[in-house]
Each structure stands twice: as structure tokens, then as C-alpha cells.
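With the sequences and hints as input, model every part of the structure.
These are the residues of each chain, in order.
Protein chains: 2
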Amino acid sequence: MKTFSLAVAAVSLVAALALGTASSKNPAPATAQTLRQLEADFMNAASTRGADGFMSYYSEDAVELPNGEDALKGKPAIFKTMAFLNNKDNHLSWTPTFADISASGDLGYTYGTYEFRSRDKDGKSIVSYGKYTTIWRKQKDGSWKVVLDMGNDSPTPK
Amino acid sequence: MKTFSLAVAAVSLVAALALGTASSKNPAPATAQTLRQLEADFMNAASTRGADGFMSYYSEDAVELPNGEDALKGKPAIFKTMAFLNNKDNHLSWTPTFADISASGDLGYTYGTYEFRSRDKDGKSIVSYGKYTTIWRKQKDGSWKVVLDMGNDSPTPK
Numbered sequence: 001m002k003t004f005s006l007a008v009a010a011v012s013l014v015a016a017l018a019l020g021t022a023s024s025k026n027p028a029p030a031t032a033q034t035l036r037q038l039e040a041d042f043m044n045a046a047s048t049r050g051a052d053g054f055m056s057y058y059s060e061d062a063v064e065l066p067n068g069e070d071a072l073k074g075k076p077a078i079f080k081t082m083a084f085l086n087n088k089d090n091h092l093s094w095t096p097t098f099a100d101i102s103a104s105g106d107l108g109y110t111y112g113t114y115e116f117r118s119r120d121k122d123g124k125s126i127v128s129y130g131k132y133t134t135i136w137r138k139q140k141d142g143s144w145k146v147v148l149d150m151g152n153d154s155p156t157p158k
Numbered sequence: 159m160k161t162f163s164l165a166v167a168a169v170s171l172v173a174a175l176a177l178g179t180a181s182s183k184n185p186a187p188a189t190a191q192t193l194r195q196l197e198a199d200f201m202n203a204a205s206t207r208g209a210d211g212f213m214s215y216y217s218e219d220a221v222e223l224p225n226g227e228d229a230l231k232g233k234p235a236i237f238k239t240m241a242f243l244n245n246k247d248n249h250l251s252w253t254p255t256f257a258d259i260s261a262s263g264d265l266g267y268t269y270g271t272y273e274f275r276s277r278d279k280d281g282k283s284i285v286s287y288g289k290y291t292t293i294w295r296k297q298k299d300g301s302w303k304v305v306l307d308m309g310n311d312s313p314t315p316k
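So the protein lines, in turn, are chains A and B.
Under our numbering, the first residue of the first sequence carries the number 1, and numbering increases by one thereafter.
Under our numbering, the first residue of the second sequence carries the number 159, and numbering increases by one thereafter.
Don't read these hints as lab results, they were simulated from the structure.
From the three backbone atoms N, C-alpha and C, an ideal C-beta is built for every residue, glycine too.
To give a feel for the contact side, a few chain A residues facing chain B, derived at Cβ under 7 Å:
| id | residue |
| --- | --- |
| 1 | Gly68 |
| 2 | Ser102 |
| 3 | Asp106 |
| 4 | Leu107 |
| 5 | Tyr109 |
| 6 | Lys131 |
| 7 | Thr133 |
| 8 | Ile135 |
| 9 | Met150 |
| 10 | Asp153 |
| 11 | Ser154 |
Below, the structure written as C-alpha cells:
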């Protein structure tokens, strides 16, 4: 019986290590819901802190694929194009339609729709609509950051 | 020594099972290079077999996010928009810039650039340029399929 107990104990230990879920730092593994919550926090940061808040969710090596423009590689290049978020007339909001994550909980994505509300030259309210895909990657420090973001246009909803 | 050997054998067995790498069906775990090869095969299928070849790389529940249009959900809805690939004047080609995959080897993505060569009403050659993001997911049968594809426009390269 001792032989059996030792084997069971060793097996249990290795199984726990191999499954990698016993970290006290991150007791709950990330799920699709983690990404939905991140997107809500991300949008709130952009809304309250403009470009700085928006960019705080981007990884250093992130890539932005803007419609009509070439790819922007790296946080500094992307940041330069986000000053419009500091204009109080501009409101960017988005809604994830779907979120999914890898079994290992280190890579995930969302896609959804966005609305961009602004004002034209005459101060009249204007709205444009689009879709987006955002890819999230867990960083070495355990935080989640956007590693890729892409948008394109949608028709005005009926 | 017999106790020790039994424990080691049991531990090794469980470790192999937990790591999940001991499948004779899939001896090599998927890597970013797997996705680059998939994209080459995918493009070849579209080039030689048109819409049928292109769609053979899509999962049943795939989503297409076309520029200027609403999201298309599910393979049948996407297939309807791909008949242009059967026109011998149309040539869609793409080049992945980057590929990455989750630690668990079940979810990955690529992004890159595409070229679409066609002819206008007068038969004159025309080219349009763009970028894309493709998200790949390993299916239950072990094959990899596109679960999301999104494109947008790029300027004409200088």
C-alpha cells in the first residue's frame, strides 16, 4: 500500500504542475469573459484618459492595421495617430460581439462593432460605424495587452 | 528501488499525458511556421480551385469582416461573397508579415498584406492593395481552419 500511495502522491503532484493552474498569483485562469472585461476597462481608460488611457492597453510591440493606411508597428508609432482621442468632441466606443481564448490562456481575441462620434467643421454631430478585431496576449508580468488591432468600415445601421 | 521505479514510471506516464505531446497522429506541435505553411496552402487552394478551394480552409462557424459591409457569420454566408474568385481575371494573393500561436497550440493568427489583381470594364489591368488579419483555430479533427478573417485598404506601395 505504501508503494501505491507514493505513486499516487507523485502522480498528483506532477499532474498539478503540468496543468499549471495552482498559481496563487492568478487563481482563476483567463477566459473569454476575461477579455470582455478587459475591453470594457480598455474603453473606459480611453474615454477618461484619452490617448494615454487607450495606449496603456497596448503592448510595446503592438501592431495597428488602420483602414486606408499602412501597418503601424510598435507603441510609439501607434500613439502618434491617437491624439484625436484627446479631443473632447470625439467619442470612440466599441462593443465586442464575440471573444475567444486559447486553452493555455495566453492568447485570445475579440471582434465587434464600433461607433465614432465627432463633429464636422460646422459643429454638427457626425457618426461613423465600423468593425474591429483585437488580439490580446498575456504579457510576462501577467497583464493582458493588445498585440494587434484592426478596423474597417460598416454601413450605417438600419 | 522497486517503489522508486514504479513512482517514476507513473509520473512519466502522467506527465506525458498531461503535456499531450505524445500523440502519434500529431508528432510535432503546431508553431507559427505551421500557420505560415497553412497560409501558403490556403492561397494555393484559392488559386487553383477558386471559391471552393478558398472556403475549404474556413471553419463552419467562421466570421468574415469585409470592409464597408456588415459581418458575415458562418461558412454559407461567406461562400456567397466569394464567387469572384472563380473569375479567371481575378487574382487574390497575400503575404503574411507575422504569425503567432498560443502555448497550447490551438489558436493562432497571422497578419499581412494582400494584392487583388483584376480587369476594369475596358479590360485594363487594375490592382488594389490591402492588409488582413486571419485567426486560425485547431478543429476537433486536428485540422486548422480560419475562424475569422478581416481585411482593409492600403495605399498603393511606393
